[in-house]
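Here's the letter readout for the chains.
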Amino acid sequence: MSQPRQSPWLAALSGLVYFFLYAPIVVLIVFSFNVSRTNVVFEGVVNQGPCGPFYWYCELLQNRSVADAARNTLIIAVTSTAVSTLIGTLAALALQRYEFFGKKSAETALYFPMVTPEIVMGIGILVLFSALFGWVNSMLPPGLRLTLGLGTVIVSHIAFSIPFVTLVVRARLHGFDSRLEEAAMDLGAPPLTTFLRITLPLIAPGVLAGAMLAFTLSLDDFIITFFTTGPGATTLPIYVYGLLRRVVTPEVNALSTLWILVVLTVVGLSQWFQQRE
Amino acid sequence: MAGYAVELRAVWKRFLGPAGETVAAVKELSLQIADGEFFALLGPSGCGKTTTLRMVAGFELPSDGEVLIQGKPMGKTPPYQRPVNTVFQNYALFPHMTIGENVAFGLQMQKVGRQEVQRRVGDALEMVRLSGLERRRPKQLSGGQQQRVALARALVNRPQVLLLDEPLGALDLKLRKEMQLELKKLQREVGITFVFVTHDQEEALTMSDRIAVMDAGVALQVGSATQIYEQPNCRFVADFIGETNFLEGSVQQLQGGQALVELPGGLSVWASMAQPVAVGNPVTVAVRPEKLTLRPLEAPLANQLQGQVVDQVYIGTDTYYSVRLASGQTIRVREQNNLAALRQGAQPGDTVCVQFVAETASVLTG
Amino acid sequence: MLQSLRENRRWQGFLLILPALLVLGLLLVLPLGLTVVTSFAQRDVDGNVIYTFTLGNYWRLLGFTETGWDDLYLKILLRSLALALQTTTVVLLLAYPLAYFIARAPQRRRNLLLFWVLVPLWTNFVIRIYAWVMILRSQGVLNSTLGAVAGLVDLPWQPLDLYPSQSAVLIGMVYEFLPFMILPVYTSLEKIEPALYEAAADLHANALQTFWRVTIPLSMPGVIAGTILTFVPVIGTFVVSDILGGRQVILVGNLVQRQFLDARDPPFGSAASIVLLGITLVLTLYYTRRFGLGEEIAAG
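Residue numbers (this note's numbering), protein chains in the order written: chain F, 5 to 281; chain B, 1003 to 1368; chain G, 7 to 306.
Simulated from the structure, these hints should not be mistaken for lab results. Using N, Cα and C, we set each Cβ at its ideal position, and we do this for glycine too. The reader is advised that the hints may include incorrect statements.
[Stated by the list, open to error] Covered stretches of chain B, as calculated for chain F (at least 3 residues, CB under 8 Å):
id : segment
1  : 1106-1113
2  : 1269-1283
[To be verified] No farther apart than 30 Å at their CA atoms in a straight line, the calculated lysine-lysine pairs in the DSS-like style are these:
id : chain 1 : residue 1 : chain 2 : residue 2
3  : G       : Lys197    : B       : Lys1141
4  : B       : Lys1078   : F       : Lys107
5  : B       : Lys1078   : B       : Lys1113
6  : B       : Lys1074   : B       : Lys1029
7  : B       : Lys1176   : B       : Lys1078
8  : B       : Lys1176   : B       : Lys1074
9  : F       : Lys107    : G       : Lys81
10 : B       : Lys1074   : B       : Lys1113
11 : F       : Lys108    : G       : Lys197
12 : B       : Lys1293   : B       : Lys1113
13 : B       : Lys1176   : B       : Lys1187
14 : B       : Lys1029   : B       : Lys1078
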């Protein structure tokens, strides 16, 4: 069936919204080539050193703290995605497939984080860890004292990602024909085989989508990381935030541009793979 | 032989209803299905037929009673350890596997050798005339082809009993007729016991050796197609299978397996007893439209009712007449369109006699 | 016999969800409980928490101080609420037409159009705000572009004083959360069968009537989900106001953050945090009760 023609006004308005969405990104990228160190006004394309217009990119790549922050960000994102995807998928299976005592409450509890402002969760975790570490550390020798760091950030990211993973996987399970599993059992497959050969392959796209969402949330997160991070666990968003409060050179723009390129490539590749499936 | 292929002994299945109440889907059901039999569970939706099938397959466990397959009590045996396979309603083909992989699945589960799997999958697909489609995906096949894949996927495992849950329900009418005959033929070839669930009475009559008519969790009558059709043992069966006229009355006299039933308006008719009744009991006489004949108003005969033709519908081989009796009830008469009937066919408005033979009518309680 | 199987499945389901509940219990429920406890505590001069029971922190939020009544914190609360409502409204007004446009675009183009809505989300939260600093500041992109245009047509031109300001915060918030509204609204618009539009037309509804009587009611689940997905993070954020609002625009989020990291007054920060949570829960609960179930967040 042919779609009715769209109103030109609607198209124009939509175009404006897209412009609104992309103008800042274009500005970011353009200013990464700025010759001006203060980066307030675009004073021309930088052409300095062996890298020429990519001067700020080269500066950036030599910056140890950026490399550290990038590494931390990735470690946190990968670990928390793996764990939250597993736990979230199990919870989705439980909620969609099983009846158990307290299911309704479990469901409510699980989606509670989604209506909790991040800062509330962030300072809650901060309060918890300060209390916990204060208590534990009083019994530990000085060399072994626990502090906020990668570990605390990772567990926090796991906690806020789980509901989102569960939601996405559940949506996929919702359309799942449970007779396919019965068919497998009928053909002699024990429960575990059925799960591995029928259920898992069929919900894999949902699990993957959940994992993608968890990964994105972790990469993007600022607030919870801000309250749970500690020395040596600076992530890229935290690093950029730190710079914003002091001096901002086009280096930050270069970092942002690279970030966008990397994420676009990853997302583009995953989309491409999904299309091929 | 080790008894029946499938036997149900006083099986109950209770579920928890939405309001927390207990609902019995199957009530004290006992059935014996012989080896090599083509057995149908027939009934309206919600009658418990699918639940019964699922208890044989092992997807549900009986709340009470016992299911035996080849004489062995199944107890809590899970589906994957039962010597039965199922053809599911809408087939439940694995969408992420090819046709070949679908059919091979059961054999792989039994750890059959690779070459043997290949050979048997090839044979099974040949049997259902789908050779060469091994590499297709279920979505790429038509409904009829998918149905045959489901059949091959189940039969390739050489189950002792094949269970079919509304196997033809998703096909269009013409294909369904073809598949009915094909299924019947296939069953004779492989000699496996088929237990199949359907709500389509015609399908059940065409294909099955024996039929269990179910309603509200109870098997009302079990018998061959002829028995079920010609000698229904209760009003539900008579009504559900084919078309039936019901005449209410009370028993006046009993004689040699027949009862004289007095109808309102003073007329009495003889009919054969399907259930034991006593004089004075309120009963229903069930008689099928094609067992009734129309005659011109003449000298009174036995088993004859007088009425007026109110409607006439010509349907090719036969003509349907609606006749309003003196009691006000309208009954349906089906007359074959042979030459004589065509020549002197009754017209709406005519006063006629409707007559039947006692043996073709059944006296039913309730 | 059957009973034991049922019991078994019950336990299986419970075991499957147990890890999730444990994590959430330890990292959400327990922290919230501790925050509540802390909000009734006091601090000593060094910023250490002394666990007592006092309502002092809450009184302070309401404006009762030793030197008399001061509506400083109440103003912050109201400002946060107002800004969150403004943001949500603007986001909805911008998102709905675009979502509608995408939902009614030809099938094969929809995914691409949607993809381009999501791309900005994959840049970083902080980076996105920084981009707005570059645009809005007095010598920034917006002013220089407008100035150049004004110069061309020879108009008198005063540079806009947008950064830092509350308007800048609003723009930044709208930008941050626009995709969160577009997605769920699109999802529910896309589900509407084209036949329904045709049926409405067939029953003599004009375009506007169809939109009002068919499109809007059927897209409500998406609007509800989008509203919550926008409102909840907006009311709690402190980063946008911190960067785009300078020292002028202080929201609840900033208040909480400063009590913990600058003022070293965790009890007062906890109290503010609990009040923030309370407001959010009451509003979302009222909203979902009023307009439908929160389960529709699933659409997002």
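Let me make sure I understand: some of the numbered hints might not hold for this structure. Which ones are they, in numerical order?
2, 7, 8, 9, 12
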